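Participant: Let's have the full structure, built from the sequences with the hints guiding it.
For reference, the chains in residue letters:
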Amino acid sequence: MNYACHLLVYLSIYTIVAQSLNLVVGYCGLISLCHAGYFAIGSYAYAIASKAGYGFVTASALGVSVGLILSLAVSLPAWMFKGDFFLLISLAVQIAIADVISNWVYPTAEPGTLRNLTNGPYGIAAIPRPHWLGHRADTMVSMAILALATAGLCMLITFLLVRSPWGRLLKCIRDDELASRGLGKPVRYTKLQAFAVSCGMAALAGSLYASYVGYIDPSSASLDNSLLMLSMVLVGGTGNFQGPVVGAATLLAFPEILRLLHIPAAAAANLRLMAYGLLLILLVHLRPQGIAGERQA
Amino acid sequence: MQLEQEILRSDIDRTTGARNRLAVRLRSLRKTFGGQEVLKDVNADIARGEVVLLRGQNGAGKTTLLNILTGNLAPDAGTVEFSTNGAALAFSFPPPIWSRITPWGRFSPETLSRHGIGRTWQDTRLFKTQSLSDNIAVASPRLIGEIPHVAVANPLRVRREEKQLQTVVARVLDKLGLGEVASSPADSVSLAKTKLVAIARALQAGAEVLCLDEPLAGLDSTDVGSVLGVLRQLAETSVFTLVIVEHDFNIPRILDLVTTVWTLDKGRLKIEKPADIKAWFHAPCVEELPRWARLVIGDVDVITVPLGSGAVLHRVRSKRRANITDAPVLEVEDLVVHRGYRSVACNGRDEALRGMSFELQRGDLGIIEAPNGWGKTALLETIAGVTTAKEGSLKLLGLPLNGQSPWNRRRSGITLLQARDSSFSSLTVRDSLHLAGVAYVQDDLRALASRSVSSLSGGEKQRLAFTCACDGQSYDLALLDEPFTGLDDKSISGICKRLSAHLGNAAALVAVPSLA
Amino acid sequence: MNQILINGTISGLCAGVLALAFTIVYLPTGVFHIALGAVYAAAPFIAWDGMHHGWPAPVAVVIAVACAVILSALCELINHWPLARRRNEPGAHMIASLGVYMIVVQLLAWIWGSETRMLFPGQNAAIRVHDVLLSRAQMVSAMLAVAALVIFYVVLWTTKAGLQLRALSDNRKEFGLRGFNARITRLWTFMASGLLVSIVALANANDIGFDPDSGLETLLVAVAATIIGGRASFVGPALGGLLVGVVRTELAWYLSARWQDTFTYVVLVIFLFMRPKGLIGRPRRLEAET
Chain A
1 MNYACHLLVY LSIYTIVAQS LNLVVGYCGL ISLCHAGYFA IGSYAYAIAS
51 KAGYGFVTAS ALGVSVGLIL SLAVSLPAWM FKGDFFLLIS LAVQIAIADV
101 ISNWVYPTAE PGTLRNLTNG PYGIAAIPRP HWLGHRADTM VSMAILALAT
151 AGLCMLITFL LVRSPWGRLL KCIRDDELAS RGLGKPVRYT KLQAFAVSCG
201 MAALAGSLYA SYVGYIDPSS ASLDNSLLML SMVLVGGTGN FQGPVVGAAT
251 LLAFPEILRL LHIPAAAAAN LRLMAYGLLL ILLVHLRPQG IAGERQA
Chain B
298 MQLEQEILRS DIDRTTGARN RLAVRLRSLR KTFGGQEVLK DVNADIARGE
348 VVLLRGQNGA GKTTLLNILT GNLAPDAGTV EFSTNGAALA FSFPPPIWSR
398 ITPWGRFSPE TLSRHGIGRT WQDTRLFKTQ SLSDNIAVAS PRLIGEIPHV
448 AVANPLRVRR EEKQLQTVVA RVLDKLGLGE VASSPADSVS LAKTKLVAIA
498 RALQAGAEVL CLDEPLAGLD STDVGSVLGV LRQLAETSVF TLVIVEHDFN
548 IPRILDLVTT VWTLDKGRLK IEKPADIKAW FHAPCVEELP RWARLVIGDV
598 DVITVPLGSG AVLHRVRSKR RANITDAPVL EVEDLVVHRG YRSVACNGRD
648 EALRGMSFEL QRGDLGIIEA PNGWGKTALL ETIAGVTTAK EGSLKLLGLP
698 LNGQSPWNRR RSGITLLQAR DSSFSSLTVR DSLHLAGVAY VQDDLRALAS
748 RSVSSLSGGE KQRLAFTCAC DGQSYDLALL DEPFTGLDDK SISGICKRLS
798 AHLGNAAALV AVPSLA
Chain C
814 MNQILINGTI SGLCAGVLAL AFTIVYLPTG VFHIALGAVY AAAPFIAWDG
864 MHHGWPAPVA VVIAVACAVI LSALCELINH WPLARRRNEP GAHMIASLGV
914 YMIVVQLLAW IWGSETRMLF PGQNAAIRVH DVLLSRAQMV SAMLAVAALV
964 IFYVVLWTTK AGLQLRALSD NRKEFGLRGF NARITRLWTF MASGLLVSIV
1014 ALANANDIGF DPDSGLETLL VAVAATIIGG RASFVGPALG GLLVGVVRTE
1064 LAWYLSARWQ DTFTYVVLVI FLFMRPKGLI GRPRRLEAET
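Order-wise, the sequence lines are chains A, B and C. Our numbering applies: residue 1 is where the first sequence begins, and numbers increase by one. Our numbering applies: residue 298 is where the second sequence begins, and numbers increase by one. Our numbering applies: residue 814 is where the third sequence begins, and numbers increase by one.
If you are wondering where the hints come from, they were derived from the structure by calculation, not from laboratory data. Given the structure is predicted, the values throughout are model-derived calculations rather than measurements. Errors might be hidden in some of the hints.
Stated by the list, open to error - Which residues of chain A face chain B? A few of them, derived with a C-beta cut under 7 Å, are:
1) Trp132
2) Leu169
3) Ala179
Even for Gly, the Cβ is constructed at its ideal location relative to N, Cα and C.
Facilitator: Encoded structure:
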């Protein structure tokens, strides 16, 4: 039961992540490699706020707002760059975020203070379980329900967005930016919004993760994690609503299978990443409709 | 297409005397590209309801001027003023410093579009994964559904708005005769249909001044009719101001709609009335050979083969060789040429699946005369191996070419002189000639040897490109894509002389834009 | 004072060679050869392993360089050429290249573990020239990097192969139409790129040690240097590399080594916005524009 709940929480978290990344990769047609950075930003913001005594709603709202504001770091470059150069910039943003997280540390100061915000490589431990309105998610079941509810909310928002004229406009901008501008559409502003929604949701997923695991360190902001998230979107198929859920489930199942096969943990980590690498290559070579964008009729 | 409302509005305008107000005013526009002055001093006014035809040779700057009119390109100097949508908007170039820093009121396609300046593109640029109705719907200005928080917080209201919009769009598509394909993705319908949708899209965005970039290019006569019908309707309402860029080949078809003709020549704009150029276009010279062809071959024998959609192939050979039958150098059978996802350069709509067939022998000069957008370049590139043919076969000296790389084709004897980008601009002239394996260099190029290719004038570049393509390794078939663009008469006759010398033991296929 | 400038210059020379290794593939083919990071990581391991099996050092080094060249060539043969032939969209090459990088690096970590090693321990003997201290390893790095740069530019500007490389970088379509086998030339560029990278990788492994994970970050700094220097020519990257190396070293000395990477990318983004063509940019169509 506990194991099932654990899987459910992870699936919810990564469904949010994949769904939000799909908004950028599938609907904007921009391949981004900094999503783990925003995930980690959400986690840290949540960790610091919740250790200061704030409840789940307030702390995760803080995480989302920080993610939302910092999304400017990728969405402003997205005004000018696409393809390889955007990918490169997102990689740079990813590394910069990871750098800041592992270096905002000061030996004598308390974690969470301005001098030692992230506690660097030691990470932040003992993050309290989520609590709201006097209720506390102490059991696995209540945690799973919270995660599912959050994921459900995010799915609903994404669904409403991508099916609305706003979603259509995003796709049109992806198909032909110049033509969209020629119709008087606020192309840049719309991209800004898409990134804000996407990064905000990633930060929410990060908050959920921090509250569930109770400990975070800079490895959650690693490039490997970003690649995992990108693989989820690409595996499931970009530009549609169901794809990311399928992708998240598939890729989360992989380490569990390795565990079932009794492969030692150290080798399993390498094997897992090698498999992601292979998956990326195969996807690029085998998907006839290209990597970003939509399956065409 | 809110046509009814627009007509109503025009009546009001007429009674208030606003009808003849200026819509656009251009003053001393200049634009330079890489040292080449495309627009020198362009001045023009467009009154409301006017239909302007913008013509000029390839490379004369038609598209540049259109891009400036629609905000896609900023001129180097001059002023652009619009008085549309009941308000005035003026830009002067180079822009003052404050407008470069602030994000408002920039000279951009967005600003101009919101101010009622719309455009269509030659290759239509529809949103290809979207259905035709969504292509039009997305153009509507001020949709509340495009505000993300409204889309999330008030989905019902958004849905209601969308429903109304779709009814309007359905009516527009029905009127255009596209009701049946309304939900097909834009990349699965014919070019003519996408051109109609592109016009409807620009109008849906609220265009009052509509700039059309070669609206008839690449269409066969039936399709031309349907696009022309829509253009005529727009012109007759006298609400819309049209600026039509069209190639000479299609001009006679639209001349009766036009109220003003702008001719771009050497960077300057000549303003005429349609009657002035009518005579020129009605001179019967349709089946005649281009003047330069006689320079190449002299006394000739011509076989003219129609290739469909307004294109013809003249097979020209010298009278002396008329009776010699030789093994063909190039054999083209049932070739279907693709550009992007559409097939081009084919025998019209009904025979779209049947490709083209022709052959050339030694000493033959093949001249493809086709309107812009027909797919001349795509055809030559398919023969040279840059793009692959999906159907049909190609043979050089009896050997099949299908699947061969461009470099293998060059080695087996096909050389292509591209219409554009046919030189290595970062190399020197000497390096370029060395690379092409040119042993003997003419004096005029030798004098340029140490200069960088990017510093050459257009004509010098073209002479260099011709020398590199045709005077290096030997060849059996020369493919020349618009080789005379930007050359003076002396250079043209020089090139013709050299081509003529080569034709002793080779064939040549020259693509030129057709003259009506 | 001079010490830091010299240290910076040496690391800048190495970064310049790396940037050239990236450019030599990027300019003619348009491929973001991220897997070069894996080549960078792999070369020292092969040399190290060879020496542990008792091979003489020169043999081990030559074999490591050869393996690097082959690995880079394999990237083109298996990964990029099939993709390029199908005319895939831009991001595709980079994603696939990242996949190759992950596989190789995880393989290295799996076989040899992720701790940092030294290629030839005990090279710290320093030599004093005026007021500057130089270790032997630093001098080897500097000499190798200068030699690589000189040979590269001599080949580029005086030989037929160099002319072909410049022509392919300038106009890919026309290059093929003139009868030159673009496929073979592409393969050569990947091999040359592997060669340049392995030289720097071995020199750095000798100087500061090596581990499986440092490849990508080192390469990304070189890519940043390429863009800062100007990616449309073969001179810009070397210049950018030199500049970035010097500035990073000065920064590490006067401020903190922790913020080196962040600082580099901030500078990169500023350059992309203010001067997208780099320090010595030629007017050329910008990839970023529609």
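Participant: Classify the hint on Ala179/A as holds or violated, based on whether any CB of chain B lies nearer than 7 Å to its CB.
Facilitator: 4 Å, holds
Participant: Using 7 Å as the Cβ threshold, decide whether Leu169/A counts as touching chain B.
Facilitator: For Leu169/A, the interface hint holds, since the closest Cβ of chain B sits about 5 Å away, which is under 7 Å.
Participant: Using Cβ atoms only, decide whether Trp132/A comes closer than 7 Å to chain B, and label the hint accordingly.
Facilitator: 22 Å, violated
In the structure shown, a violation is registered for the earlier hint numbered 1 alone.
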